[in-house]
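Residue numbers (our numbering), protein chains in the order written: chain W, 1 to 112; chain E, 1 to 380.
Hint data in this document are derived by calculation from the structure and do not stem from the laboratory.
This structure is a prediction, so every number in the text was calculated from the model and none was measured.
Yeah, the Cβ is synthetic: ideal placement off N, Cα and C, and Gly gets one too.
Mixed in with the good hints, there may be bad ones.
What the hints assert, rightly or not - Chain W stretches covered by chain E per the calculated footprint, using a threshold of three residues with CB under 8 Å from any CB of chain E: (1) 25–36; (2) 48–61; (3) 94–104.
Unchecked claim - Straight-line Cα separation of at most 25 Å, SDA-like style, residue types lysine to any residue; simulated pairs: (4) Lys5(E) x Glu177(E); (5) Lys5(E) x Phe19(W); (6) Lys133(E) x Arg119(E); (7) Lys5(E) x Pro68(W); (8) Lys12(W) x Val130(E); (9) Lys5(E) x Pro16(W); (10) Lys54(E) x Ser106(W); (11) Lys5(E) x Ala74(W); (12) Lys337(E) x Thr309(E); (13) Lys5(E) x Arg101(W); (14) Lys294(E) x Arg223(E); (15) Lys294(E) x Asp183(E); (16) Lys60(E) x Ala102(W); (17) Lys313(E) x Val130(E); (18) Lys313(E) x Ala62(W); (19) Lys54(E) x Arg64(W).
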Amino acid sequence: MSAAHEPPRGAKGHRPQVFDDPAVDQLYAAYVAIATELSVAFERIDTLERLLETQSGLSREAIRDYQPNESVSAERQQHRAELAERLLRPFRDFREQRIARANRLSDTGPGD
Amino acid sequence: MPAFKQHPMVPQTTHDEQARQDFVSALRGHLSGRLMPGAYQVYAARVEPAFRSKHGRGPKDEHEVRHAMTEDPYYQFWSAMQRRSQELLWESVIDPTERQLPELIDRARTLGKRGRGKRRGTLRLDPKLVVPKYHTAADIHLQPGGYHTDFTADDVAAGAVYDKGINLYMGGALGEENNLTGDTLLAYVREKHPSLKPRSILDLGCAIGNSTVVWARAFPKARVHGIDVGAPVLRYAHARAQAMGVAVDFSQQNAERTDFADGSFDLVLSHIVLHETSKSALTRVLAECRRLLKPGGLMLHLEIPRGRTDIEKFMHNWESYNNNETFSRYMTDLDLKAETIKAGFAADAVLVDEFAPKLDVAQMNYTEHFLWKILAAFKR
Chain W
1 MSAAHEPPRG AKGHRPQVFD DPAVDQLYAA YVAIATELSV AFERIDTLER
51 LLETQSGLSR EAIRDYQPNE SVSAERQQHR AELAERLLRP FRDFREQRIA
101 RANRLSDTGP GD
Chain E
1 MPAFKQHPMV PQTTHDEQAR QDFVSALRGH LSGRLMPGAY QVYAARVEPA
51 FRSKHGRGPK DEHEVRHAMT EDPYYQFWSA MQRRSQELLW ESVIDPTERQ
101 LPELIDRART LGKRGRGKRR GTLRLDPKLV VPKYHTAADI HLQPGGYHTD
151 FTADDVAAGA VYDKGINLYM GGALGEENNL TGDTLLAYVR EKHPSLKPRS
201 ILDLGCAIGN STVVWARAFP KARVHGIDVG APVLRYAHAR AQAMGVAVDF
251 SQQNAERTDF ADGSFDLVLS HIVLHETSKS ALTRVLAECR RLLKPGGLML
301 HLEIPRGRTD IEKFMHNWES YNNNETFSRY MTDLDLKAET IKAGFAADAV
351 LVDEFAPKLD VAQMNYTEHF LWKILAAFKR
């Protein structure tokens, strides 16, 4: 593959900074990348297990070329949704706590 | 959700590449469906009341909402995740595209020659075309290189990346052939103008022709043209349409000023394109549409609503500030009808409509109540 065939990985344009400390932005970026790779690793393990169940003398090519059927795809989709759920749960809980606290404050008025 | 339909121009994925794309799609579905609506709740429960107690009044406009919301930790979290998921989305599609690019370019050349006469589409590129600043200033939607950059001779990478990328972007909700926007505008025509039988159709800013093909199939007797400023997306569009057996004439042109003769078309369309241009370009595009229409011809532009309340406007403009829809902020409070009249259309021939097709759009909302905006105008 020649260098001419390599499109860039980053987009032209300003990358907004969300948090006061840019290191936090970088941590978030890395955290999502790790989660992605974790999901990839889960699926590779799943493929290995399923192939091991059905055949011996497993080859790397067999793993690379494995195509999940419909029901395997559905199971994996479910697994991914659960991973996203686990990954994002702390933030949802955080939001709900804050909303609940705000509602309590507005019910009881100032002086909490 | 219907699965993405493979065609010969779609790069094959390895086990891990597919797993990466599937995860990004699942994450985006979760972010937009489950976490983004929480930003509205946080605003109502915390941010707006805090602003009110500090200032003795609510935020007076979208900008005051922005200052308050961008300080909120929950919003910050969602925004950082949304941005990152968008970056990972493109990465996950670029990998397989890059690996197979020489084969894809060869395939595009072969497909271009398929078919005969009226059943064969055409491709006309213009290497001298100046790509407008609203494309070159920043890569729209963070797609590296945007719609317009050739990284090698006869490049089709931008098209291949865009085709799979936009499908992941909407978590598959764009349909198995990314046909949702075309289907939506077509459903509008079927409902509001059932007798319309256009013989010549022009799709502006057509990119990979995913909507253009919808129109060509719906009106098989019509001559259908698609234009875009991006050469690599057009090469891909041509090959894709050829692979699907749909005849479309693609050409590389700027919708602000095309080389078609006056009165060439019965129907001139665009699908979520206007907000990617600039305010000055928009005026020229509308005037050009009018020039290109036959008397009695219809202009239709499908657009994303920009929000009614200040918090909705702020949330919609996330894309402007964080996803390189750099120029789209101007659309927020723009009077589209007034702009259309300014472009020469008669006031009573212009309509800015809202439309919700009877299609499965549940997954693709950026607000809880998603309606498309449609700008429709007849030429007298």
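A quick look at each hint next to the structure:
Evaluation of the coverage hint for the segment 25–36 of chain W: fulfilled, as 7 residues show C-beta separations to chain E shorter than 8 Å, against a requirement of three. A stretch counts as covered by a chain when three or more of its residues have a beta carbon under 8 Å from one of that chain; for the segment 48–61 of chain W and chain E the count is 0, and the coverage is violated. Three residues within the 8 Å Cβ limit are the bar, and the segment 94–104 of chain W against chain E gives 6, so the coverage statement holds. A hinted pair counts as satisfied when its Cα atoms are at most 25 Å apart, and Lys5(E) with Glu177(E) qualifies at roughly 6 Å.
For the hint linking Lys5(E) to Phe19(W), the alpha-carbon distance of about 39 Å lies beyond 25 Å, and the restraint is violated. Of the pairs offered as hints, the one joining Lys133(E) and Arg119(E) is violated, with about 36 Å between alpha carbons and a cut-off of 25 Å exceeded. The hinted pair formed by Lys5(E) and Pro68(W) meets the criterion: a straight-line CA distance of about 16 Å does not exceed 25 Å. Restraint check for Lys12(W) and Val130(E): satisfied, since their Cα atoms lie roughly 18 Å apart, inside the 25 Å limit.
Taking the CA atoms of Lys5(E) and Pro16(W), the gap is about 34 Å. The hint is violated against a cut of 25 Å. With a C-alpha separation of about 15 Å, the suggested pair Lys54(E) and Ser106(W) falls inside the 25 Å cut-off, and the hint holds. Of the pairs offered as hints, the one joining Lys5(E) and Ala74(W) holds, with about 17 Å between alpha carbons and a cut-off of 25 Å not exceeded. Restraint check for Lys337(E) and Thr309(E): the C-alpha separation of about 20 Å stays at or below 25 Å, so the hint holds.
The hinted pair formed by Lys5(E) and Arg101(W) fails the criterion: a straight-line CA distance of about 47 Å is larger than 25 Å. Annotation: proposed proximity of Lys294(E) to Arg223(E) holds, straight-line Cα distance about 14 Å (limit 25 Å). With a C-alpha separation of about 24 Å, the suggested pairing of Lys294(E) with Asp183(E) holds against the 25 Å cut-off. Between Lys60(E) and Ala102(W), the direct Cα distance comes to roughly 22 Å. Compliance with the 25 Å bound is thereby established for this hinted pair.
Distance hint between Lys313(E) and Val130(E) is unfulfilled; the C-alpha atoms sit about 32 Å from each other, more than 25 Å. Taking the CA atoms of Lys313(E) and Ala62(W), the gap is about 50 Å. The hint is violated against a cut of 25 Å. Using a Cα cut-off of 25 Å, the hinted pair Lys54(E) and Arg64(W) is violated, with the two alpha carbons roughly 59 Å apart.
Violated hints for the displayed structure, listed by number in ascending order: 2, 5, 6, 9, 13, 17, 18, 19.
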